[in-house]
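A.B. asks: Start from the sequences, fold in the hints, and give me the full structure.
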Amino acid sequence: MVKDAGFDLTVAPSLAQDQIARLMASPGQPPYDALLVSPGQSDILIQEGLIEKIDPTRLKNWDKLSPAAQNAWGPYVTIEVNGIAYNPEVVDKPAGYKALFEDPQCEGNLALIGFGSNTATMAYTEINKAYGGTYDNMQPVFDLLEAYLPKIGAIATSGSNQMTMYQQGEIAVFMASTGNVAKLRELGMPCEFAHPETGSPSVPVAIHLVKGASNPDGVYAYMDAAIDAAAQTQLAEPPTAMIPTNVDVPYSEVVSQFVTPEQVANAVYPDWQAINKHRAEWTETFDRLVVR
Amino acid sequence: MIRKETLLSWPMIAFMVLFFISPLLLLAGISLRGEDGSWGLGNFAAFLSDPFARGVLTGTLALGAKVTCFVSLAALPLVMLYWHAGKRLRGLILICTLLPMLTANVVRTFAWVVLLGRNGPISQTLLGLGLTERPFSLLFSETGLIIALVQIELPLLLLPVFAVLNRADRKTLEAAEVLGAGRWRAWFSAIFPQIIPAVLAGWVLVFASATTSYVTQSVIGGARLIYLPQFVYREVGVLFQWPMAAAISILLLASTGVIMLGLTMLARHERLQGHA
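Chains A and B are the protein sequences, given in the same order.
For the first sequence, the numbering used here begins at 1 and goes up steadily by one.
For the second sequence, the numbering used here begins at 293 and goes up steadily by one.
In short, the hints are calculated from the structure, not lab data.
Yeah, the Cβ is synthetic: ideal placement off N, Cα and C, and Gly gets one too.
Warning: the hint list may mix true and false statements.
[Said to hold, decoys possible] Computed, partial: chain A to chain B, Cβ under 8 Å:
#1 Asp18
#2 Ile113
#3 Asn161
#4 Gly169
#5 Ala280
#6 Thr283
C.D. replies: Encoded structure:
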């Protein structure tokens, strides 16, 4: 679709944090024209003045987006719903986040990652709330982690590292998105998704126009293609299994196995400004806690 | 005035200045910038005054030392075999040494994920032999990380030693034996001194590679074993603290550089050079 609009598209797969790091390293000469990130990173990009608001009139599919997906800084192209991935051949369905630390079947099977991961950060803030903490007081979750460390299966360095460990049978439970579960299933792994008892932390994923982009017209063409019904219908199928934001696109069979529109509407949408305010300090604390 | 015979080296020197020295100086400059925009050694002081960060630094250097030590132990029988082998066997050993280097470090690291896991051949073999009661995993442990790094870095020590052995004079060995030395003593007094500079060069390569091997350290070691490369990545990719990341990088460069310089100077020592 982007090509049909007369533009070339180069996709450079990279972690959201890496994308920001590269943008910060090249002020005035951005290495990307567009970025696909979630609100945690969007907030930093806005604060650092690295992205600009878009002109919705340049997107012919704008009106097809659900109102919640019509973001002034760039359209939301999907919603990432997070929860717990588990291997049904090894453990029963975990009742929720608290069960990861309280249910004996998770001992030695649970993998964790640090606060560099959005999925883990959202999970920790929800677990923290369940144990009486707040964004300004994460001590309950750190106390919990410290006590649980001897029973941990693995502490991986990234979400993809966790998935590698899962494939190798090293772990059977980890905090994941529905997309992670769909990917593992596509690879032939037995994998199920469990919604946390406190609601599934979710994040919309936006395409942003980078300030100083070399080809803004191309970015608008890319945005329009990504919210087009035909593209979202295709992306809702495995292995991507993305939740559509275009109102004309129904949930695919595989997406429906994980989540319903009602669950998405009632999901937990974390306060990313509060998270970003403390994230560096939480990252430091987590690292110091887990390092042998 | 530029001497005529050095002309050929100038493109390389220019390349090094442009793409190595200049970025390095830039990095050093960034490392001196404080959070409030001031200039000074604050980032270095902050890092070195933090016991956790100092632990990461010493842990990284210790990892390099341990890997270098175990690589040397693993290389010794192969070096002996190579010395005594005929032409065809030498070729075979050389191919076996080079073969892993033809695959990327990432591929070799992920191969070790399979080997070291609880369902991998190491665990399953020991389980089958009754040497362990249950499957075990060497992933996310320093033992597993050292095993993987030893295999990955081994060619860096073997190749320079093999190169020296290829041109080593067997007559010196015969002379030592004629003079009454036993086979082991003759080897260690006549051949071993010849390969010492190559061993030291290999140690430099192994040490530098092991301490900076981000992929292997993070994939095999996991998050509970933090080394300086992961620390640098965290500062840039998670905390966006470029000046601190630059300061840590300079410290990593300086600390490994001092050790490498020491080994290089040792390799160039005239008493050792005399044997080569």
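A.B. asks: Now tell me if each hint is right for this structure.
C.D. replies: Each hint, compared with the structure:
1. The beta carbon of Asp18(A) is positioned within 8 Å of a beta carbon in chain B (closest approach about 6 Å), and the interface hint is therefore held.
2. Hint status for Ile113(A): holds, given a least beta-carbon distance of 7 Å to chain B, under 8 Å.
3. Given the 8 Å rule on beta carbons, the hint for Asn161(A) holds: about 6 Å separates it from the nearest Cβ of chain B.
4. Hint status for Gly169(A) relative to chain B: holds, with the closest Cβ pair at about 5 Å, below 8 Å.
5. The beta carbon of Ala280(A) comes within 5 Å of a beta carbon in chain B, closer than 8 Å, and the hint placing it at the interface holds.
6. Restraint check, Thr283(A) versus chain B: the minimum CB separation of about 5 Å is within 8 Å; hint holds.
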